[in-house]
Each structure stands twice: as C-alpha cells, then as structure tokens.
Amino acid sequence: FVPRNLPTATPVKEASGELRVEPPLAAHSNSRSESANAPGSAVALPTARQPFRWQSVVLVVWGLGVAVLGLHIAVSSWRLSRRFGRLAPLADASLLHLLENCQQRLGVRSRLKMVESPDVPTPVLHGLFSPKLVLPGGFATRFSTDELRFIFLHELAHVKRRDIAMNWLVALLQVMHWF
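Numbering (my numbering), first residue to last: 3 to 181.
No wet-lab data here; the hints were simulated from the structure. There may be inaccurate statements among the hints.
To be verified - Computed cross-link-like contacts, DSBU-like style, restricted to lysine-lysine with a CA-CA straight-line distance of at most 35 Å:
| hint | residue 1 | residue 2 |
| --- | --- | --- |
| 1 | K115 | K134 |
| 2 | K162 | K115 |
| 3 | K162 | K134 |
To be verified - Okay, the calculated beta carbon distance ranges per label pair:
| hint | residue 1 | residue 2 | range |
| --- | --- | --- | --- |
| 4 | F131 | V68 | 21 to 27 Å |
| 5 | W64 | P138 | 36 to 42 Å |
| 6 | V172 | R84 | 20 to 26 Å |
| 7 | P120 | L61 | 43 to 49 Å |
Every residue, glycine too, gets a C-beta built ideally from N, C-alpha and C.
Sequences and hints are given; from them, build the entire structure.
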C-alpha cells in the first residue's frame, strides 16, 4: 500500500547499466549527495499511515473518567469542609468531659473538635488532618450518658484505627479503577 499523494522512490539506470533507486526527496532537489548515488546506499521509502489503536482511545477514556470522578470527590469534600468548618464547637462541659474521658480510655491523643449540625442524621467524623465529630442537632438531649459514652467510644475507635485515611485510600483506588 502506497498513498497516492506521497512521492515514491524513482528507479534510475546508471551509464554502467546498473539500476539504482533514488530517494523521493533527492529526485526533486537540485543537489545530489555522493552517498545517495553510491551503490547499496540506504533508501528512505515512504511509510504507511499508522493503524488505529484502541489502546489510545481506552487510555483517554480512562483518564477522563479518573479526572471527572477525582474532581467530583475533591469538590464534594471541599464543600463539606467549608460547611463543617463554619460550625462553632460545642461548649457543653458535660459532653466535652465525657468525650475527653472516652479519649483517655481508648488512648486517643489527637484533639477532636465536637460540633453540631442539622445536616447530618447520625454522628460522623470528618477531616483527615484535624477530624471533627459532627453530631446531629439536639443529639445530646436524646440519649443518656451511658449511650453517649458508647457512641463516643465508637467514633473514637474510627479515629484510633485511622479509618478516615483508609477511606481516602479506598476512594483513590475507586477513582483509579472506576471502570
């Protein structure tokens, strides 16, 4: 297969009767080099078009999927951080004392901020580097002290096991393997 619009090599008969092939560009130029005229010299032949490669298409589609999902997770996390970052820390001394006791009991040394938000239906931890315990509005009034202790111990177990960091790792892996 030779494309029509590309120049082709031209056969030239020497005075001695030898047949040589002249490269396409040399056939149209005014000056010929000695190496092009030498018998057995390498000749540049036109190359055919590269075949269509599905691997390139798959790579581009995968990259777009990674970009879209990664951006979605980043924007969602940023919005939650802004929403929870604006909340004032709880000032209830009994809740703060109960949380501190639970932290000592589990050996959790990180300082955990506790906030209240009407946007969450259950207690959640948010924040990779400075986690916050986000409680639903009026949460403390619905449970006894013992029940609150169990809830705090449960949430602090997530902190101790570094579950937030593990969740980020899983999210990264899901973005990479979205297909």
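* Hints broken by the structure, by number, lowest first? -> none
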